[in-house]
Every structure is written in C-alpha cells, then in structure tokens.
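With these hints in hand, go ahead and build the complete structure from the sequences.
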Amino acid sequence: MFGKLGLRVFLLQAMTISSSLASPFMIWKGLSLVTNTESPVVVVLSGSMEPAFYRGDILFLTNPRPESEEPQSLYKTGDILVYKIPGKDIPIVHRVIEAHDFYSEIVPSDADEGVAESTSDTAQDAGRGGSQRSPRSDLKQLMLTKGDNNPVDDLGLYDGLDWLERRHIVGRVRGYLPYVGYISIFLNEARQLLLSRPGAFSLKHILYSKWRAS
Numbered sequence: 149m150f151g152k153l154g155l156r157v158f159l160l161q162a163m164t165i166s167s168s169l170a171s172p173f174m175i176w177k178g179l180s181l182v183t184n185t186e187s188p189v190v191v192v193l194s195g196s197m198e199p200a201f202y203r204g205d206i207l208f209l210t211n212p213r214p215e216s217e218e219p220q221s222l223y224k225t226g227d228i229l230v231y232k233i234p235g236k237d238i239p240i241v242h243r244v245i246e247a248h249d250f251y252s253e254i255v256p257s258d259a260d261e262g263v264a265e266s267t268s269d270t271a272q273d274a275g276r277g278g279s280q281r282s283p284r285s286d287l288k289q290l291m292l293t294k295g296d297n298n299p300v301d302d303l304g305l306y307d308g309l310d311w312l313e314r315r316h317i318v319g320r321v322r323g324y325l326p327y328v329g330y331i332s333i334f335l336n337e338a339r340q341l342l343l344s345r346p347g348a349f350s351l352k353h354i355l356y357s358k359w360r361a362s
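Residue numbering for the sequence shown follows the working numbering, beginning at 149 and increasing consecutively.
If you are wondering where the hints come from, they were derived from the structure by calculation, not from laboratory data. Treat the hints with care, as some may be off.
Below, a list of computed lysine-lysine pairs in the DSSO-like style, where the Cα atoms sit at most 30 Å apart [as the list claims (entries may be wrong)]:
{"#": "1", "residue 1": "K236", "residue 2": "K177"}
{"#": "2", "residue 1": "K288", "residue 2": "K177"}
{"#": "3", "residue 1": "K224", "residue 2": "K294"}
{"#": "4", "residue 1": "K177", "residue 2": "K224"}
With beta-carbon atoms standing in for the labels, derived distance ranges [stated by the list, open to error]:
{"#": "5", "residue 1": "G308", "residue 2": "H248", "range": "18 to 24 Å"}
{"#": "6", "residue 1": "L335", "residue 2": "W311", "range": "23 to 29 Å"}
{"#": "7", "residue 1": "L303", "residue 2": "D237", "range": "15 to 21 Å"}
{"#": "8", "residue 1": "G235", "residue 2": "S167", "range": "33 to 39 Å"}
{"#": "9", "residue 1": "I165", "residue 2": "I331", "range": "21 to 27 Å"}
{"#": "10", "residue 1": "I245", "residue 2": "L169", "range": "15 to 21 Å"}
{"#": "11", "residue 1": "K288", "residue 2": "I165", "range": "43 to 49 Å"}
{"#": "12", "residue 1": "L179", "residue 2": "D237", "range": "19 to 25 Å"}
{"#": "13", "residue 1": "L160", "residue 2": "L303", "range": "53 to 59 Å"}
{"#": "14", "residue 1": "S194", "residue 2": "L155", "range": "51 to 57 Å"}
{"#": "15", "residue 1": "T164", "residue 2": "A200", "range": "20 to 26 Å"}
If you're wondering where the values come from, they're calculated on a predicted model, not measured in any experiment. Even glycine gets a Cβ: it sits at the ideal position worked out from N, Cα and C.
Okay, structure coming up:
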C-alpha cells in the first residue's frame, strides 16, 4: 500500500500527531505531580470572589501535603481555596473565614499490643510545646469558607456537611492571570448552545406540525 518513502512519511506524521496530542496531557500530569493537585489550573466561572478575582480569571493552585511539618502545609483563615463537594460537578473558589486544626497522635497504650489515640487542638498543643509533635501525628482541619462578594458563608453549599475537610480541597490559590480564561468559558458556552439548538429546532418542528394538523 505504501512505498518505502511513503511509509516513512506516514510514520513520521503519525508520530508528530501523537506527540502533539500527548504533550498537553504529559504537561498536565507533570504539573499535577509538582503541585500535588488534580487540577493545578482552574477558571473562575462566577463573580462571587469579586473584587479579588473576576469571571474568566485563571487561577494557579498548589495543594500542600498534610504530612509536612512546615507551617505552610496548614490551611488558615484568609487563604483562598478551591474545593469540591462529593457529587458536585463544579469546584468552588472561596476564602477561608474560619479554620480549626486538630492532631490525632497515635501513642502506645499500656497493653503490649494496640495503640491509643489522643486528639488535641493546635492552640492547646502550642502551650505544651506543640511543635514537638510525633511524626506519626495525623492532621485534621475543619474549615468554613465564604465568597468575598457573597452576603453569607458557604454552609448551604456543603450538601449537609458542617465543615470542609482537607479531603475536599482541590488546592490553594498561588497566583492568577486576569480574564485569560474567558476563551475557555466562551468555547464551553458555544458548545452548549450548539448542542441545544438541534433539540430546540426539533421541538419547534413538532409543535408546528401538530398546529398544522389541527
């Protein structure tokens, strides 16, 4: 089917196309590994965080590892986080207005086997030299968020949860580009419009046919 030269050109073109398709995926996966988040880049879809961020802004995220002993690994009041509630399709970017940190330290019990768990708030730990926590301590954080442009907090968005936990956090905002994400919003809305038009035309045709028949 292919001559020797034709086969070589075909394979070269196939490799070029495959590389072009794979490169964005590889870059995305690399960013995900470096930033420790499944979505290192997100687009703001609403005005709930104005004037800090506007619709169409692109946000760059990182997600600190909870096992780190660095202070930066803790989410704190004032941080702008992107979170996602299980069962919800779209993540939300809002500011932390309240945060509580707990450490569940696993310590040996009096028995030969088994462990005992003790939970303490960081404020209490600080008074007892909390910085000397065991490396086996397990960090738990409870957070409440709110959009800067919203009149009330996000409790009504948590789908029955009282607090956000670290497992709900996609990442912390580390930087942004204004309005660049409008391209993505426009393309998505245009796609939805094109998908909805055939259905609208079909419904119009059915209604018109029924009117003509009557």
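Hints and how they fare:
no. : hint                    : verdict
1   : K236 / K177             : 23 Å, holds
2   : K288 / K177             : 27 Å, holds
3   : K224 / K294             : 13 Å, holds
4   : K177 / K224             : 27 Å, holds
5   : G308 / H248: 18 to 24 Å : 19 Å, holds
6   : L335 / W311: 23 to 29 Å : 36 Å, violated
7   : L303 / D237: 15 to 21 Å : 20 Å, holds
8   : G235 / S167: 33 to 39 Å : 37 Å, holds
9   : I165 / I331: 21 to 27 Å : 23 Å, holds
10  : I245 / L169: 15 to 21 Å : 43 Å, violated
11  : K288 / I165: 43 to 49 Å : 48 Å, holds
12  : L179 / D237: 19 to 25 Å : 22 Å, holds
13  : L160 / L303: 53 to 59 Å : 58 Å, holds
14  : S194 / L155: 51 to 57 Å : 52 Å, holds
15  : T164 / A200: 20 to 26 Å : 42 Å, violated
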